[in-house]
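A.B. asks: Work out the full structure, taking the sequences as your base and the hints as a guide.
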Amino acid sequence: MTNDTAPEPAASAQATSGGVDAFDVTLRIRRYNPESGDAAYWEEFTVRALRTDRVLDALHTIKWEVDGSLTFRRSCAHGICGSDAMRINGRNRLACKVLLKDLDPSRPITIEPIKGLPVVKDLVVDMEPFFASYREIMPFLITGPNVPTAERRQSPAERARYDDTTKCILCAACTSSCPVFWTDGQYFGPAAIVNAHRFIFDSRDEGAAQRLEILNDREGVWRCRTIFNCTEACPRGIEVTKAIQEVKRAMITRAV
Amino acid sequence: MQTHQYDVVIVGAGGAGMRAALEASTRARTAVLSKLYPTRSHTGAAQGGMCAALGNVEEDSWEWHTFDTVKGGDYLVDQDAAEIMAKEAIEAVLDLEHMGLPFNRTPDGKIDQRRFGGHTRNHGEAAVRRACYAADRTGHMILQTLYQQCVKNEVAFFNEVYALDLLLTHDLLAGDVPDDEEVRVTGVVAHDLTTGERHLFRAKAVILATGGAGKIYKTTSNAHTLTGDGMALAFRKGIPLEDMEFFQFHPTGLAGLGILLSEAARGEGGILRNSTGERFMERYAPTIKDLAPRDMVARAMANEVREGRGCGPNKDYVLLDLTHLEPAHIDAKLPDITEFARTYLGVEPYTEPVPVYPTAHYAMGGVPTTVRGEVLRSNTAVVGGLYAAGEVACVSVHGANRLGTNSLLDINVFGKRAGVAAAEYSAAVDLLEPAGPDGGEGAPDAAVGELLDRLLAGSGGERVATLRRELQESMDAGAQVFRTAESLTRTLETIRELKARYADVTVHDKSRTFNTDLMEAVELGFLLDLAEVVVVGALAREESRGGHFREDFPQRDDANFLKHTMAYLRRAPDGGTRIELGSKPVTITRYTPMERKY
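Protein sequences appear in the order of chains W and V. So the first sequence is numbered by the numbering used here: it starts at 1 and just counts up by one. So the second sequence is numbered by the numbering used here: it starts at 1 and just counts up by one.
One thing to keep in mind: the hints can contain errors.
With a cut-off of at most 30 Å between alpha-carbon atoms, the simulated DSBU-like pairs for lysine-lysine come out as follows [what the hints assert, rightly or not]:
#, chain 1, residue 1, chain 2, residue 2
1, V, LYS87, V, LYS152
2, W, LYS167, V, LYS597
3, V, LYS510, W, LYS101
4, V, LYS152, W, LYS115
5, V, LYS152, W, LYS248
6, W, LYS115, W, LYS101
7, V, LYS87, V, LYS584
8, V, LYS510, W, LYS115
9, W, LYS167, W, LYS115
10, V, LYS87, V, LYS563
11, V, LYS87, V, LYS289
12, V, LYS289, W, LYS242
13, V, LYS289, V, LYS584
14, W, LYS242, V, LYS110
15, W, LYS167, W, LYS242
16, W, LYS248, W, LYS167
17, V, LYS218, W, LYS167
18, V, LYS87, V, LYS110
19, W, LYS101, V, LYS218
20, V, LYS152, V, LYS110
21, V, LYS289, V, LYS110
22, V, LYS289, V, LYS499
23, V, LYS289, V, LYS218
24, W, LYS115, W, LYS242
25, V, LYS510, V, LYS218
26, V, LYS584, V, LYS597
27, W, LYS167, V, LYS152
28, V, LYS584, V, LYS563
29, V, LYS563, V, LYS597
30, W, LYS101, W, LYS167
Calculated from the structure, these hints are not laboratory results.
C.D. replies: Below is the structure:
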């Protein structure tokens, strides 16, 4: 349909103009400063927000206008870089993808660091154990020594086979939502398995056997209890649990 | 202070930095410093594609690509560099495919290609399918693929480490070092965010790959961390910045937010409409309409709004209409950007048009380099061992306006070239003793120590966020799509006031561990310096060309301004510093400048 009539302007865009729709919101934030000698504690802040504001905007308002020591990671601010995964009202989310208006503003919004990784300061955790697991599954294309002059051919169907797991931004929302990971830090965790899946099911890759061997480890895919927390947590909409199940099945049948 | 020694130190781990690292690390001992985890870099936000004349879906040639790049850049492009980029594009795409990048495919399994703004068949006849892509997350896939290869090659990363000073053998601020004297880089002083410790990275070669500086503007598609660090570090050392007045405003930012919606939306058939529903680009660019270069589309949008044909309650945006496209097509080709519209504006692109307005997107200018990535300290002399690639650099392949997809191409082609050149250079020279910050005696980290101590001790009461907001608002008001001497002068005055107030900035967080409050204060200093360079250059360029549009000088003026701007920081007689402008000739090989029509 191509038409020349004026489409209705989106009503929601009106919220970006003026402060008509502004409202107050209270954030209850888990604080920790390793230099103070004090244990972690909760602190509440109330700030003014617009309907288009995200949790990240509220955190910025606090940091920039109230307490400069509030510490969190962020970069792109639109759900692509994976810096600002945190626990928001008990669920792992990206702070830049959650609109304040979509949370219940009548109660304080609780904000904590993601679980299972050592807290460095406030909402910042040590990401090294997470990336160490990622590196272990050999997250790179493994092929024979003969590189063709042109591109390797791959049919659209072969390309579609692993599309979902290429979306991963390594934010750790899935891994740090997994109860198995919380109790057993040795478990590879969902994100590492997702990234293994991305190569195991790539028709160009020849390293599936090696990766499956790594994931057959006692800390590998068999620790997954199919709880689906990871799928719910993924800000990219990746069907994480399904990907893990596909890796398990490949391990049993040794066929991808 | 910890001291490290490397052959090559790369600052920045986006596409350019990691592409350089893949070359340098196999040839020389290499370290990569990044203020973020590499996968957080803003290359990952690039959406639409990477052009290369593969000719997989229709006839194409690298020569047409070169021409489009030169014309799109309004003839300020150095044509030798554009030719190199268009030729090497083909290998660059194949390199990425061989590394495992999951490109979308044609039915016969080749890399698929689609249309993009300003890319045409046979010198402007019609839009051509040249952009290789992976859905609308091409940048994400490039960043991931390069990181995967870096993991494979065991590249040494120093994550969340900020480069805060560049060490040279000479003090260039006096402007008295002759071109034939050898000036070299000796290393980088860095700050480890996690521990607050200072590190000295001694190096034979340094590659700047720190990306752009979009945060000088309020409405921007850029990440919070894009504060022009590498540009500012070089500039403060007396290395010139080239063509900084040319900033790209991407037409389709989500209205009010600035979040990028790829040009691929129009490449796949999306249409821009004003409040009357008119497809207004037919008036501005009759041949390629919505796929005209970004500067023209952004100006057309701003003009529609200015003339009262904007949409919404304040008539301050236009609409990107995808409603005539099949939902399945949208899901296959544009899944991420339609998700942005749903998440951030609550708009369903299947059935509703999306409110959009131009957003500050890309610095065409930057640290001047040769086609090997060597950093220039004058029109011809280089700083030995210092390289730059990607948005931080100005080769110049983008001229006055970058074509869509050419940034992902730039980082791959010139990232690779810089990596190779830096490694080769490091194999031929000895490691020098690091000099002090001004090239003379003194502790190499003295200047950084002084800066951080001053910011931490500050009690003047000025807030970083307040100054930054005033800067960004002033840049949006005076140095955006439309500029005049008056608007620019007002913005320049504001910047200079803000620079004075910056001396009284107070950092609230006094701790050593992960002090992002302190780093934001440092970054604000970079932004203030760079904004001043942008505005000074824009004031001096009394013509309109590409992304720089002066309402008081609406015509391109090749007689007086077919030349690059070179902005130098130099010591002023009063003991302070000032910006001195020079120029550099444009390299013209094949294409005589002509009027740009689409």
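A.B. asks: The structure should be examined with respect to each hint, and the outcome stated for every one.
C.D. replies: So, going through the hints one by one against the coordinates:
no.	hint	in the structure
1	V:LYS87 <-> V:LYS152	holds (28 Å)
2	W:LYS167 <-> V:LYS597	violated (39 Å)
3	V:LYS510 <-> W:LYS101	violated (33 Å)
4	V:LYS152 <-> W:LYS115	holds (28 Å)
5	V:LYS152 <-> W:LYS248	holds (25 Å)
6	W:LYS115 <-> W:LYS101	holds (25 Å)
7	V:LYS87 <-> V:LYS584	holds (25 Å)
8	V:LYS510 <-> W:LYS115	holds (27 Å)
9	W:LYS167 <-> W:LYS115	holds (22 Å)
10	V:LYS87 <-> V:LYS563	holds (24 Å)
11	V:LYS87 <-> V:LYS289	holds (27 Å)
12	V:LYS289 <-> W:LYS242	violated (44 Å)
13	V:LYS289 <-> V:LYS584	violated (34 Å)
14	W:LYS242 <-> V:LYS110	holds (29 Å)
15	W:LYS167 <-> W:LYS242	holds (14 Å)
16	W:LYS248 <-> W:LYS167	holds (20 Å)
17	V:LYS218 <-> W:LYS167	holds (29 Å)
18	V:LYS87 <-> V:LYS110	holds (19 Å)
19	W:LYS101 <-> V:LYS218	holds (23 Å)
20	V:LYS152 <-> V:LYS110	holds (26 Å)
21	V:LYS289 <-> V:LYS110	holds (29 Å)
22	V:LYS289 <-> V:LYS499	violated (42 Å)
23	V:LYS289 <-> V:LYS218	holds (28 Å)
24	W:LYS115 <-> W:LYS242	holds (22 Å)
25	V:LYS510 <-> V:LYS218	holds (28 Å)
26	V:LYS584 <-> V:LYS597	holds (26 Å)
27	W:LYS167 <-> V:LYS152	holds (20 Å)
28	V:LYS584 <-> V:LYS563	holds (6 Å)
29	V:LYS563 <-> V:LYS597	holds (21 Å)
30	W:LYS101 <-> W:LYS167	holds (27 Å)
In summary, the numbered hints that this structure violates are 2, 3, 12, 13, 22.
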